[in-house]
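Next come the chains, spelled out residue by residue.
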Amino acid sequence: MNVLTDNLSLYGRGLLGTVQLTVYSSLLALALGFLMAAFRVAPVASLRAFGTAWVTVLRNTPLTLLFFAVLLGLPRFGLVLPFQLFAVLALGCYTSAFICEALRSGINTVPTGQGEAARSLGMTFSQTLGTVVLPQAFRTVIPPIGSTLIALAKNSAIAGSFSVTELLGTYKPLNELGYSIIWSFVWIAVGYLIVTLSISALFNVLERRWGVPR
Amino acid sequence: MAVDPLIELRDVNKHYGTLHVLRDIDLVVDRGEVVVVIGPSGSGKSTLCRTINRLETIDSGTITIDGRPMPDEGRALARLRAEVGMVFQSFNLFAHKTVLANVSLAQVKVRRRDKAEADRRSRELLERVGLLAHAEKYPAQLSGGQQQRVAIARALAMEPKALLFDEPTSALDPEMINEVLEVMQQLARDGMTMVVVTHEMGFARSAANRVVFMADGRIVEDRPPEEFFTAPRSERARDFLSKILKH
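Read top to bottom, the protein sequences are chains A and B. Just so you know, the UniProt record's numbering puts the end of the first sequence at 214, numbered straight through with nothing missing. Just so you know, the UniProt record's numbering puts the end of the second sequence at 247, numbered straight through with nothing missing.
Do not take every clue at face value.
Using C-beta positions, here's what the derived DEER-type ranges look like [stated by the list, open to error]:
1. Gly67/B x Leu81/A: 34 to 44 angstroms
2. Asp222/B x Arg209/A: 52 to 62 angstroms
3. Asn204/A x Ile244/B: 47 to 57 angstroms
4. Leu81/A x Arg68/B: 45 to 55 angstroms
5. Arg209/A x Ser143/B: 22 to 32 angstroms
6. His15/B x Leu72/A: 46 to 56 angstroms
7. Ala189/A x Ala171/B: 21 to 31 angstroms
8. Gly202/B x Arg59/A: 32 to 42 angstroms
9. Ala171/B x Leu35/A: 33 to 43 angstroms
10. Ala171/B x Pro143/A: 41 to 51 angstroms
11. Pro43/A x Leu245/B: 37 to 47 angstroms
12. Asp222/B x Leu35/A: 27 to 37 angstroms
Stretch-level coverage of chain A by chain B, calculated; a stretch enters the list once three of its residues show a Cβ under 8 angstroms from a Cβ in chain B [claimed, not checked]:
13. 5–15
14. 185–197
Please keep in mind that the hints were generated in silico from the structure rather than gathered at the bench. We put the beta carbon where it would ideally sit given N, CA and C, even for glycine.
Based on the provided sequences and hints, a complete structural model is requested.
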C-alpha cells in the first residue's frame, strides 16, 4: 500500500508521461487519420492508392516492430529526435490507420444522395466532404474513435521499453527498490484506468452532445 | 421554336458492365424548353438525366452545356454543375442543416455571396415555394412534398441555366404530388429550361414542349406531347401508353 505514498513523484512522472504520449499521439493520429480518410474517398486515383497503402502498411505492422523501425531506423537517415517525439510519431502514425478506417466507415453511413446533392450544386470535393458528409459522419464515428484512442493510451506502454518515461516503466525502479510487485502493478493499473476512463467520459459527453439520431 | 441549344448530347453511350444502358443518345434541349422524358423502368431515363451534370460518367460521345463541353473532374466540372440544377427523387436535403441553411449553403460556398445576402435570397425563394414559415425547421420535420419544394428552392438559389428533375414526384404520397407539380408548372411558365424524368403524364401533356420516349437505352420517340399521346408512332410507345393510360 505504501508503495504509492512513498513514490508519489515517480508515479506522477510516469502518469504524466503516459498522458503526454496519449494526448500528442491522439492529435497526430486524428489529423493524419482525417487526411488519409479524405485521400481514400478522393476522386483522384493516386491519392486513393496512397491512403490505401498507408492503412495497409501501418494497420498490419506490429506496433513494437514499428517502434524499432522509427527509433532505430530514422536516425540512420540522419533524423535524430528526442525519444519521446519518436514514440509519438510511431504511436500516432500507427493509430491514424485505425482512425482513418473508423472515419471511412462513418462516411459510408451517409447516404450517397447527400454527396450527390452537394456536387450537383457545384460544390467541390473538399466542400462536399467538409460541410455535408463529414458533419453527418462525425455522429456515427464517435464511439469507434473513442475505442481507438483508449487502445492508443494502452499501447503507449510499449514506449517504456524504449527509454521513454511513462507509467508502465515505473515498475522497474520500484522493483529494484524491493517493493511488492503486486502492489506496484495495482497502482500502475489504476493510473491507466484514470487515463482510459477519462477518454471514455470525454467521448460519452461528445456522444450525448453530437451523437443524436437523424 | 427558336434554335438556341442549351443542352446537347451527341452519340452518348454508357455501359454498366455488360448492360448497355444508353445507346447512341442524341438529344438537344433549347433554351426555355421543357422536355419530359418517359419510358418503362430500366429504360435508362434516370441515367440519361444524371449524365447531364455528370453524376454518371459516359463511355463515349459528348455532352455540352451552353456550348461548353462537360469537363472530366475538378473545379471546372463543379463550376458547370452550378449552372445545371438537379432535383432528386429522394429530395436529398442536407439532413443536418435547417431548411434555410439548405438553401443558403451553396450560395455561400459556391457563389461566394455573404451569409446575409444568401439568407435574404433563400427566404424569397422559400416564399415562392410557399414554405417561408418552415425556414428554421430540419428536413425530417417536413412532409415529402414540402421537402421536395425546398429542394427546388435550393436548386433555384444557384440561378441555374437549366433544371434537371429525376422522378421528382415518385417518392411522394399522391396527395402531395400536386403541390410539387404546381411549382414545376410555374417554373415552366417562367421560361426555365427543364429536363423532367417523370411518370406524371398530366404534367407531360400540360407543361412539356416535347416528350422523349425511351426504351432499352434508346430514344424511341421525340415529339410534341399532343402528337405523342394521341398518335404514338412506335409499337413500343403504344404498348407503354396502353398500360399506363388504361386506368
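Item to check | Indices of hints not satisfied (ascending) | outcome: 1, 7, 8, 10, 12, 13, 14
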